[in-house]
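Novice: Protein chains in written order, with the numbering used here: chain A, -19 to 444; chain B, -8 to 429; chain C, 237 to 690.
Keep in mind the hints are simulated off the structure, nothing from the lab. Just so you know, not all the hints are guaranteed correct.
Unchecked claim - DSS-like, lysine-lysine: derived pairs with alpha carbons at most 25 Å apart:
| id | chain 1 | residue 1 | chain 2 | residue 2 |
| --- | --- | --- | --- | --- |
| 1 | C | K268 | C | K556 |
| 2 | B | K417 | C | K555 |
| 3 | B | K420 | C | K663 |
| 4 | C | K670 | A | K353 |
| 5 | B | K423 | C | K520 |
| 6 | C | K520 | B | K424 |
| 7 | C | K663 | C | K676 |
| 8 | A | K320 | C | K676 |
| 9 | C | K663 | B | K424 |
| 10 | C | K670 | A | K354 |
| 11 | A | K260 | C | K390 |
| 12 | B | K328 | B | K28 |
| 13 | A | K214 | C | K453 |
| 14 | B | K423 | C | K555 |
| 15 | C | K663 | B | K284 |
As the structure is a prediction and not an experimental result, all values here were calculated from the model.
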Amino acid sequence: MRQTIRRLLVWVCGLMAWQTLGMAETPGLVAIQDARVVTVSGAVLEKGTVVIRNGIITDVGASVAVPKGAWIVDGKGLTVYPGLIDALSTWGIPEAAGAASAAGATGRGAAPAPPSAAPGAAMASAPRSWGPQDRPGTTSWVKAADLVKPTDRRIETARGAGFTTAITFPKQGLVAGQGAVVNLGGESSGQMVVDPSAGLYLSMTPSGYSGYPSAPMGILAYFRQLWIDAEYYKTAKALYAQNPSAIPRPEYDRALEGVLEAKRVMLPAASPIAMERMLKLASELKSPFIFYGVTQGYEMADRLKQTATPVILNVKWPTRERDADPERVDSLRTLEIRDKAPTSPAALAAAGVKFAISSDGIDTPRDVIRALKKSIDVGLKKEDALKALTLNAAEIYGLASRLGSIDKGKIANLVVTDGDLFDDRTKVKFVFVDGVKYIPPPETPAGPGGGFGGRPTAAPGEEN
Amino acid sequence: MKRGLIWLAAMTVPLLAAESNSFLIRNATVHPVSGPKIENTSVLVMDGKIADIGPKLAAKGKLKVIEGKGLHVYPGMIDAGSPIGLSEISSIRETVDTGEIGEFNPQLRALVAVNPESESIPVTRANGITTVVATPGNLGGGRGASSSVISGQMSMIHLNGWTWEEMEVKRNVGLQITWPVIASGGGRGGDPEMAARFGIRRTPYAEAKKNQEALVLKLREFFESARRYQQAKAAGEPGLKPDLKMEAMIPVLEGKVAVVVFASREREIREAVQWAEKEKVKLVLANVRRPGKMTTELASKKIPVVLGSTFTPPLEDDDPYDEPFSLPGELAKAGVKFCFASFGTQFARNLPYEAAQAVPFGLPYEEALKSVTLNTAEIFGVADQFGSVDKGKVADLIVTDGDPLEIQTQLKYMFVAGVQVDLESKHTKLYKKYLARP
Amino acid sequence: MKALIGLLTMAGLCCAQNVTVIQNGIIHTVTKGTFTGSIVIRDGKIAEVGEKVMTPGGAKIVDATGKHVMPGIIDAHTHIALDSINEGSISVSSMVDIGQMLNPESKSIYQALAGGVTTANTMHGSANSIGGQNVVFKMRWGNNADGLVFKEAKPSLKMALGENVKRSGNPQGGGFQMQGTQNLRYPGTRMGVEDVIRDAYTRAREYQKEIKEYEAKKAKGEVALPPKRDLQLEPLVEVLEGKRIVHAHCYRSDEILMLLRVFDDFGIKGVVFQHVLEGYKVAKEIAAGGHSASTFSDWWNYKIEAADAIPYNAAIMQKKGVLVSLNSDDAGGAELGRRLNTEAAKVMKYGGLTEEEAIAMITINPARQMQIDKWVGSIETGKDADIVIYDKNPLSMYSKVEKVFIEGKQYFDRDSDVTARPKTEAKKNGLIQKEKETEKRNMPQTMPQTRRPS
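With these hints in hand, go ahead and build the complete structure from the sequences.
Specialist: So, in structure tokens, the structure goes:
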């Protein structure tokens, strides 16, 4: 009995915390009036109004009639942007924050515990891989959509920086699993998911298995074989369906099912060298692809444009190691890369490469914007920076009809600030996710286990 | 056992039945190294020593005469550092006797672990190397038991003799010390992909520095203990128990034996030089690779250097491609005295070519020749007896058909302390055997 | 009109630039003797070689008076310019392609170039019985990976025998400890090595057969499932069909003989035995099989299987009719690879071969082994103008490379290299300074107390 009361108390306190820090109001009809509206898709409205009804932007313009009964938000002195999108993330997957227990990932119970949920655990239990047939580091059937939870504490921090959407991926292993487009709000996992099938995440960083493949060239060969196997599987299944008596029944293979399901693949390409390797691989996989990483984009822009490759840019700019030996001198090449990396977004924009931004490897969501500010300082246009954080991401993932700009009919994901987004003094006053208004907590340190304190499992190695 | 002995003896019988150590080389071109070459001259060797050099020397009595027309006489070459005799096959631990367990082992003597039957001896000898400074410590690449700070006493040996006692030139020519390095490690180029792949975990600099400083402190304390021991012994302190490690340090503290400190880069060199000055010990630096600003100091303070092989790629990505080849020339220009070491067994026979490789990149030829002969003898304190073809010196001589630093040159004769040695080896034997295979 | 003139001027310039004449050097053609003469290079190819040549007007002149001119060195076995060398997790890793690991930014390329190397066969390592696919490339420093590849070169496959193979991943073979015997990588003995190789080629034969059977069925209009593409077996089928060269790492005579017999049984020809340190013991058998050998000049005793290695190996094999080359086996930086010219001199010292035979071992012989001698390996009309100019005889320790041309284009010039050094240094110092200033400026901003929990 006493225990029950205690539990109840904890629950109530938790709820209160949720209420005060998280959701403030959840009306169905809202109008933000007289604000500066940066639509991204069109001209900036110096004094405009945005109307939201049941989670959708129903109207936007300089002279828009405010529906009766709408909650009015006085936008004087405020700026409204489309909600920011982290185009390659782990936000929403609590396990990826390194804080949750491994058991938490079993989710609805029916699905087996995906290896991606428990980093390291798979390594210990998985038998040594002796070849592609063992499907090493492959959990292509794992879907981020099944792993996201509104309880991931990073969600709130992300919203606090103006992010309302993340394309979030399982990242453990070589063929880690399928990403999902999730809105950073809602009360249930199901509510969060905008699109459960964003693409298949491939990594060149071996983890979660032992044995073959152990070298990058082995990994490349494995990817090729896996796709060959998947193609063959598809053919075999089709042939079998036509001739079940003449053709042997293909063995069910969830790894291949996952590969066949994927709309596109995410390929790591930090440098021009990696880019050429990945272009070759992509031509063999015959699947639509997106490059992630692209830190040396300033050297890659023309080729990316030529190959019409969309890019998710990692903005964790390389810097000198903090604890470096003072007598050690880095190579000229390393120094040049460090000097030039922040110019990558401008170079990509100038070349006409479509690129969005990833939070990968960055400590806090706010730092993503700070990192882009660095690029603005060395030549990136603010409009291009903003596009990269919003509309470009939506377009790359084929969601431009629903996300990425302030337009009639789009999902009401908005961020309202008291100034220019890229000004470090600017504060996010509130955000709307699916039309629900959230007031961010004051910027305080994330608590231990909150995710952003420590490094998320998306280790720097994943940057490629 | 007996059979084994007979077999061994049969394998090493020298060309000459009796070990005569007197002979005359006639009408050869003599390259004394200590001075300009002398053409058409003779060298008289009596009882293992160079008795005379001159144009008109005559053989007395039954003295063996070698016709030297068209041939060249040089001093035997000296390898300033090699585990020869102590390490047979570097990848097989059981055949390796360098690198004893423990951080401070000044009492260990390389000499006593030299296997006179090592295959490396005749192989190395065949390229004109008569003498080697045998090293007790690991030299990188070897698989000794451990890496230590003080590895032991380096011994100069002849590459000829039935026992290590007979091979001995000087049993203690230097105390081998490896200067502790701040090993913060990590890869070059800052490639995160590669760093992650190979699981390169860098030791933070601060931590590595602390470790290094602790080790240097230990070294200082070891020297301090040795000094106190020396004083107590000199004072006849009653109850002073003999300590072999401390005893071994006395000649070093007295300045009779040099410390040979392995230090490659500027920081280690700087620290080692400061340390040696403070300890007032005689310093020789070894395996110097990147002296940087210390070069001028090495010259002005007359600190000699033992260089490792020039056959190595540049240290860093941005180094000039010829960095290892041009270093000796730069040192010579700055006035630093140096000699060459192979620091290995496999390629010890290529010692002359290591020196030669520096010549097209700025090292004067005469210096190259000295750096494998006279300089080495001077640096290790045996120049009164070795290192050049001079009257009164030990007759370690090679007779060639040309410049011994050129690969194509063939060695015709070798004399170690006046004794002609066999130029055959396992290699020549297998060559003959399999060339004749039907 | 103006544009047209510009175009014409450019075209004119380009044609004049496309002819280079290396004049009055001591030319080691390797295949057609050594003489003092000149070489005319047109469009990257050697147009004319002789004591007297026609120098076209407007040609670029390289004065080689008193200098030695040699074909670019070909390193038949190296591991430079690679981001990874071994896929050692399994015993047959023929599906991996070293060509994918070429790193065009690796300084080893420039170092090799500065040592006179123009072409190299950079290979998979020796961790397993059947390694990966190798790549032949030219030291066209400054190009991307694709621009380095020697496109005409026949593909090849690495194989390996002996200690490395049985040690890797196998404590019983002397390697590091792994957990549980089920994780041991077979084989752990030389017997097992033969088994793995025979098994792999047997499987490849079966695969080859399956494909043929499927095609026959399809031709007859039968419903059939095509055989699944197998990236591991595809290169082995190419070996069986003579479309891919095998480079086999080996040491001891017993294992060399074993492999010779396996190749006999599978009809595999033109194999290049690599290292092959005891090749001198079975030179007759290697020659009889029509295979060749690529070895070191004087490596020995670094492991037990190298105990009988002798520097006379190359000379004996050559005398017994084996086509022999010398290689570097470099990995990481270029070391031995950049002084293969003096390594070649060692076959004169050990075994008394001639100067021409020595130079052939680092030029035309490896070219023949790699089946690229149609393009490179000697100074002959019609071949690629891959040419090195030395200040002295390349077989002398006192020589150094002055200029290197690949397909007529100068990729290395010692004088320019030396002159450029201070500039590079200044550039570097500038960047270091800039970085320090930026760090100082950002210091207060990048370290707010709120960022990291303690």
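Novice: C:K670 and A:K354: Cα distance at most 25 Å?
Specialist: holds, 15 Å
Novice: Checking one constraint from the list: CA of B:K423 to CA of C:K520, max 25 Å. Satisfied?
Specialist: holds, 15 Å
Novice: For the pair supplied as a hint, C:K670 and A:K353, is the alpha-carbon distance within the 25 Å limit?
Specialist: Cα-Cα ~19 Å, so holds.
Novice: When you check the alpha-carbon spacing of C:K663 and B:K284, does it fall within 25 Å?
Specialist: Distance ~20 Å between C:K663 and B:K284 Cα, so the pair holds.
Novice: Under the criterion that the straight-line Cα-Cα distance not exceed 25 Å, is the pair A:K214, C:K453 satisfied?
Specialist: Roughly 21 Å separates the two Cα atoms, so the pair holds.
Novice: Given the proposed pairing of C:K268 with C:K556, does the C-alpha separation stay at or below 25 Å?
Specialist: holds, 23 Å
Novice: Assess, step by step, whether the Cα of B:K328 is no farther than 25 Å from the Cα of B:K28, and give holds or violated.
Specialist: holds, 22 Å
Novice: Taken at face value, is the distance from the CA of C:K390 to the CA of A:K260 at most 25 Å?
Specialist: holds, 20 Å
Novice: Between B:K417 and C:K555, is the straight-line Cα distance small enough, at 25 Å or below?
Specialist: holds, 20 Å
Novice: If you draw a straight line from the CA of C:K663 to the CA of B:K424, is it 25 Å or shorter?
Specialist: Measuring from Cα to Cα gives roughly 59 Å; hence the hint is violated.
Novice: Mind checking the alpha carbons of B:K420 and C:K663 for me, to see if they're no more than 25 Å apart?
Specialist: violated, 57 Å
Novice: Checking one constraint from the list: CA of C:K663 to CA of C:K676, max 25 Å. Satisfied?
Specialist: holds, 20 Å
Hint compliance for this structure: hints 3 and 9 are broken, all remaining hints hold.
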